[in-house]
Each structure stands twice: as structure tokens, then as C-alpha cells.
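J.: Build out the structure end to end from the sequences listed, making use of the hints.
In terms of my numbering, the sequence shown is residues 1 to 172.
By construction, these hints were calculated from the structure, which means they are not laboratory data.
Any given hint could be a false lead.
Label-pair restraints from in silico Cβ distances [what the hints assert, rightly or not]:
| hint | residue 1 | residue 2 | range |
| --- | --- | --- | --- |
| 1 | G111 | S155 | 28 to 36 angstroms |
| 2 | T76 | K106 | 15 to 23 angstroms |
| 3 | N161 | K121 | 24 to 32 angstroms |
| 4 | K106 | A46 | 56 to 64 angstroms |
| 5 | S53 | E112 | 16 to 24 angstroms |
| 6 | G111 | A46 | 43 to 51 angstroms |
| 7 | P11 | V105 | 42 to 50 angstroms |
| 8 | V113 | L167 | 33 to 41 angstroms |
| 9 | L47 | S108 | 38 to 46 angstroms |
| 10 | G77 | G111 | 24 to 32 angstroms |
DSS-like, lysine-lysine: derived pairs with alpha carbons at most 25 angstroms apart [what the hints assert, rightly or not]:
| hint | residue 1 | residue 2 |
| --- | --- | --- |
| 11 | K65 | K121 |
| 12 | K49 | K67 |
| 13 | K104 | K67 |
| 14 | K67 | K136 |
| 15 | K119 | K104 |
| 16 | K119 | K67 |
| 17 | K63 | K136 |
| 18 | K149 | K123 |
| 19 | K121 | K136 |
| 20 | K149 | K136 |
| 21 | K136 | K61 |
| 22 | K61 | K49 |
| 23 | K65 | K153 |
| 24 | K119 | K61 |
| 25 | K123 | K104 |
Just so you know, these numbers come straight off a predicted model, no measurement behind them.
We put the beta carbon where it would ideally sit given N, CA and C, even for glycine.
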Amino acid sequence: NQLLNLLENHPEPKKIMEQVLLLNEIRKSKPISFTKRKSKAGQNRALIKDWDSVLFSRLQKSKSKFKNATALSYLTGLRPEELMGGVQIRYFNDNLQVEINGAKVKYSDGGEVTQGMPKRKIKLDLNCEFTQEFIKMLGIEMNGVCEVKIDNKASFNEFLNDVGEGLLQREK
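T.: Printed below as a string of C-alpha cells:
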């Protein structure tokens with residue numbers, strides 16, 4: 001009844017019928033299923049207490065070429081792909097600024113950015129104890145500039161696994 005009233009009173013009844021038919025087809029079709037992504041929140045709850053202090057303690061003792069990249073990843077959340085391109089660090093006017101070239105950037109044929117951020121800058125909190133430890137690890141002086149870069153993503157990931165050993169609580 002409602003459909004008939006709508007069709008009689010609508011200036012374009014043919015469009016209404018097309019939309020109704022389309023909706024009926026959609027209802028008949030197989031529902032789209034989405035796989036739920038695993039949240040990292042569960043993994044975070046499994047971390048031992050003071051895991052970040054343990055991590056930085058291990059990094060300070062490490063002789064690995066990946067220790068600075070690991071600390072920087074912790075402080076900024078950047079991707080290994082971004083480290084492959086090199087990350088600029090500037091320490092000036094009591095600021096520690098990290099400049100990251102984006103890894104997931106796509107451009108149109110005309111050179112316009114269509115996806116991602118080509119470059120982003122992050123200012124690290126100098127009051128954070130881990131930022132202070134990172135500055136010591138880098139050996140960077142005020143008004144200094146340096147680059148943190150990795151040359152092999154697989155080796156970097158292997159180092160992350162090694163240095164992160166035991167930071168997760170064992171299942172009971």
C-alpha cells in the first residue's frame with residue numbers, strides 16, 4: 001500500500017520502481033562478510049610490567065646497528081619501510097624533531113598525492129625518559145642533525161624479535 005501511494009504521488013514513479021528492484025536484488029544477494037582484524041590491545045595486555053624500561057635497558061647494552069632504529073620505532077611508531085628510506089633527526093632549540101618520508105604514498109600521473117603522507121614531522125617530548133635515553137644512544141648534540149636508517153628489513157625484524165624476547169607474559 002505504501003509503495004502504491006508513493007508511486008501514484010511521485011513525479012517520477014519509474015525511478016522509484018528501479019530503486020525498489022535494486023534494493024530487492026541487494027537483499028537477495030549473498031551478504032558481504034568481513035574478517036575481524038585482531039586487535040593489538042590483547043597483545044599489549046600480555047606485555048610484562050615495565051616492558052619499555054626493559055627494552056631500553058637491552059638497547060643500551062646492545063652493540064647492534066639496529067638499536068637506534070628500534071628506539072625510534074618505539075618513540076614514533078614508524079614502519080620498517082620508512083626506516084629503509086632513512087629518517088632525519090634534528091636536535092635544536094630544545095626540540096627533538098623526527099622527519100619521516102612516508103612509505104605508503106601513491107601519486108597520480110600528474111604527480112598529485114592520492115594516498116598517504118609524503119613527509120611528516122614529529123616532535124618528541126624531551127621530558128620523556130625514553131627520549132632522553134634515545135638522545136644518549138644517538139650521541140647527538142644540541143643543534144645536531146643525524147639520520148637513522150636500516151638496510152635490511154628482515155634483519156631488523158629478526159633483531160626486534162631477539163630484543164623483545166621475554167617481554168610477553170607466558171600464558172597460564
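J.: Per the hint of 24 to 32 angstroms, is the separation of the Cβ atoms of G77 and G111 within bounds?
T.: holds, 28 angstroms
J.: Is K61 within 25 angstroms of K49, Cα to Cα?
T.: Within the cut-off at roughly 20 angstroms; holds.
J.: Does the Cβ-Cβ separation between N161 and K121 fall within 24 to 32 angstroms?
T.: holds, 30 angstroms
J.: Check the hint pairing K63 with K136 against an upper bound of 25 angstroms on the C-alpha distance.
T.: Given pair K63, K136 holds - Cα atoms ~14 angstroms apart, limit 25 angstroms.
J.: Quick one: are V113 and L167 within 33 to 41 angstroms, going by C-beta?
T.: The hint (33 to 41 angstroms, Cβ to Cβ) holds, given that V113 and L167 are roughly 37 angstroms apart.
J.: Taking only the CA atoms, is the gap from K119 to K104 under or equal to 25 angstroms?
T.: Judged against 25 angstroms, a Cα distance of about 11 angstroms means the pair holds.
J.: Look at the Cβ atoms of S53 and E112 and judge whether their distance stays inside 16 to 24 angstroms.
T.: At 44 angstroms between Cβs, range violated.
J.: With the threshold set at 25 angstroms, check whether the alpha-carbon distance from K49 to K67 stays at or below it.
T.: holds, 21 angstroms
J.: Go ahead and decide if the range 38 to 46 angstroms is satisfied by the Cβ distance of L47 to S108.
T.: holds, 41 angstroms
J.: Given the range 42 to 50 angstroms, decide if the beta-carbon distance of P11 to V105 lies inside it.
T.: With Cβ atoms ~48 angstroms apart, the hint holds.
J.: Is the hinted pair K149 and K123 satisfied, with a Cα-Cα distance of at most 25 angstroms?
T.: holds, 18 angstroms
J.: Has the hinted range 28 to 36 angstroms been met by the Cβ atoms of G111 and S155?
T.: Given about 34 angstroms between the Cβ atoms, the range holds.
In terms of the numbered hints stated before, the structure departs from hints 4, 5, 24, listed from lowest to highest.
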